[in-house]
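Asks: The lines below spell out each chain.
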Amino acid sequence: MADTTTENLKRTPLHALHEELGAKLVPFAGYEMPVQYPMGVKEEHLWTRTEAGLFDVSHMGPCFLALADGIGGGDDAHAEIAALIETLVPSDIAGLKEGQARLTVLLNEEGGILDDLIITRPIGEEAQGSLYIVVNGAVKDADWALIERSFEGKAVLTHADDRILFALQGPKAADVMSDFFPGCEELKFMRHMPFELNGSRCIVSRCGYTGEDGFEVLVSPEAGLPLVKEMLTDDRVKPIGLGARDSLRLEAGLCLYGHDMDTTRDPIEADLAWVIQKKRRERADFPGAERIMKALADGPAEVRVGIQPLERAPAREGTVIEVGGEAVGIVTSGGFGPSVDAPIAMGYVRAGLAEPGTKIDLMVRGKARPAEVCALPFVAHNYKR
Amino acid sequence: MTTYYTEDHEWITVDGDVATVGITKYAAEQLGDVVFVEVPEAGASFAKGDDMAVVESVKAASDVYAPVAGEVVEGNAALADAPETVNEDPEGKGWFCKLKLVDAGELGSLMNADAYKAFCDGL
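Here the protein sequences come in this chain order: P and V. 98 is the number that my numbering gives to position 98 of the first sequence; each next residue is one higher, with no gaps. 1097 is the number that my numbering gives to position 97 of the second sequence; each next residue is one higher, with no gaps.
To be clear, the hints were calculated from the coordinates, so they are not data collected in a lab. Possibly wrong hints are sitting among the right ones.
Here are the computed lysine-lysine pairs in the DSS-like style, where the Cα-Cα straight-line distance is at most 27 Å [unchecked claim]:
1. K1117/V - K1048/V
2. K367/P - K1098/V
3. K1100/V - K367/P
4. K24/P - K97/P
5. K1048/V - K367/P
6. K188/P - K279/P
7. K24/P - K1117/V
8. K24/P - K1025/V
9. K1098/V - K238/P
Which residues of chain V face chain P? A few of them, derived with a C-beta cut under 7 Å, are [as the list claims (entries may be wrong)]:
10. D1033
11. V1035
12. F1036
13. G1049
14. E1056
15. V1058
16. K1059
17. A1061
Just so you know, even glycine gets a beta-carbon here, dropped at the ideal spot from N, CA and C.
Model the full structure from these sequences, guided by the hints.
Replies: The structure is reproduced here in structure tokens:
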């Protein structure tokens, strides 16, 4: 179908390569992005679970936050920059070790989730006082405006979304990556290392959003384009589009911002209490702490759960969940999981119905379809711990 | 038997007053891997353009519209357990349902194979 807005869409530095590879391009987060390649969503998904899938995620929001009066002050400088960012997120950033990353959430004053993001403490004395942050593409402008406004005069934010950010995910990712970045295979999950590639500095992080072992690489377009092209000549590597990225993350039980969480949900409802470390709970000094600490103590009214439809019909986002004819929740992500070879979903239900095994009905096209609340993930995580 | 096509990428093969309906190869390719098909049950009646069936890929659900008015004589029950048939043989074993036609005159507004090919080439 013709999309009249295509001309206003941004392009990543890998856009021409996607076209060369025969990708089907769609508007996503303000960018024209590959939703699938000729291999197709299902095969791309299965390939990532058994080999290595390469994803262009340059539409996301990588950035660096650095103390305005200069970085390089060692632990003290880290403590200073951590104290700033901790006014916006409920995770323990001060306690990060050098090279360690943490998933967290950006909160509004009511404790609602503005975004989920990964914050990394850099390696090396001279880099302390800065943080490497990756926010979601769809909300990066709002996130960055909030960060800049909050730390005016104290810290400087440098956007890095003009670079290539790509992910290599799957059980063969480490083998492939070690050919290009020797030593990166030793990294553990949620750790990173800087590398030099043809005189260009890149950041290699062991993380991803598929549930598989894998890496994300931030690299300049000049060094990144030949790197990605060369990786794709490896028989173990195929390009993977947003379609499979979505089914992979859903099988892995991971939230998609704007769908499984948004400003109306707090981290406790979203089943992300684990992002709030003990130190932060004790201090209760993050935005919306009152609501969030109450939800932690009393339990939330609604909670995010996994949903296993018992028939073959997928239940998509927006499907109403009923019990005994009464609406008790809503599906926030739903589709088909190629690895489990069955429909799968996530959504919110009343807290009393969150126990795995609870029988629910999914109202698909006016018909009640039987389903059960289930534990997440649908496919076990395969992270390098 | 004559086969007609719609702008919504359905085919309809008419044999007497009964027509077999499915989605075209072009539609199946656009959808990608079909993981679920809901076909109508025998006895259901549709006006031209009504939602008649649903076909779902990994990514999304799409409605299939009745290309002409009719009453369902048979739905393709085999698709419930083998939805991938729609990808493998969309214009053969992947048929959706058989309709008893209400007004054969409605077929006149549909495309023949050549016109449909030209239509797809223009997309």
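Asks: Quick check on the hint: V1058/V CB to chain P CB, less than 7 Å?
Replies: Where the cut-off is 7 Å and the nearest Cβ of chain P is about 4 Å from V1058/V, the hint holds.
Asks: Assess, step by step, whether the Cα of K24/P is no farther than 27 Å from the Cα of K1117/V, and give holds or violated.
Replies: Given pair K24/P, K1117/V holds - Cα atoms ~21 Å apart, limit 27 Å.
Asks: Using Cβ atoms only, decide whether K1059/V comes closer than 7 Å to chain P, and label the hint accordingly.
Replies: holds (5 Å)
Asks: Compare the distance between the alpha carbons of K1098/V and K238/P with 27 Å, and conclude whether the hinted pair is satisfied.
Replies: violated (41 Å)
Asks: Is the hint on A1061/V kept, meaning its closest Cβ partner in chain P is under 7 Å away?
Replies: Interface hint status for A1061/V: holds (6 Å vs cutoff 7 Å).
Asks: For the pair supplied as a hint, K1117/V and K1048/V, confirm whether the alpha-carbon distance does not exceed 27 Å.
Replies: Within the cut-off at roughly 22 Å; holds.
Asks: Would the pair K188/P and K279/P pass a check requiring their Cα atoms to be no farther apart than 27 Å?
Replies: Given that 27 Å is the threshold and the Cα spacing comes to 24 Å, the pair holds.
Asks: Taking the least C-beta to C-beta distance, is G1049/V closer than 7 Å to chain P?
Replies: violated (17 Å)
Asks: Should the hint that E1056/V touches chain P count as held when the rule is a Cβ pair under 7 Å?
Replies: With a minimum Cβ separation of about 5 Å from chain P (threshold 7 Å), the hint on E1056/V holds.
Asks: For the pair supplied as a hint, K24/P and K1025/V, is the alpha-carbon distance within the 27 Å limit?
Replies: Measuring from Cα to Cα gives roughly 17 Å; hence the hint holds.
Asks: Regarding the pair K1100/V and K367/P, is the alpha-carbon distance no greater than 27 Å?
Replies: With a Cα-Cα distance of about 26 Å, the restraint between K1100/V and K367/P holds, given a limit of 27 Å.
Asks: Within 27 Å, alpha carbon to alpha carbon, are K1048/V and K367/P?
Replies: Roughly 23 Å between the alpha carbons, so the hint for K1048/V and K367/P holds.
Checked against the numbered hints given earlier, the structure breaks hints 4, 9 and 13 and satisfies all the rest.
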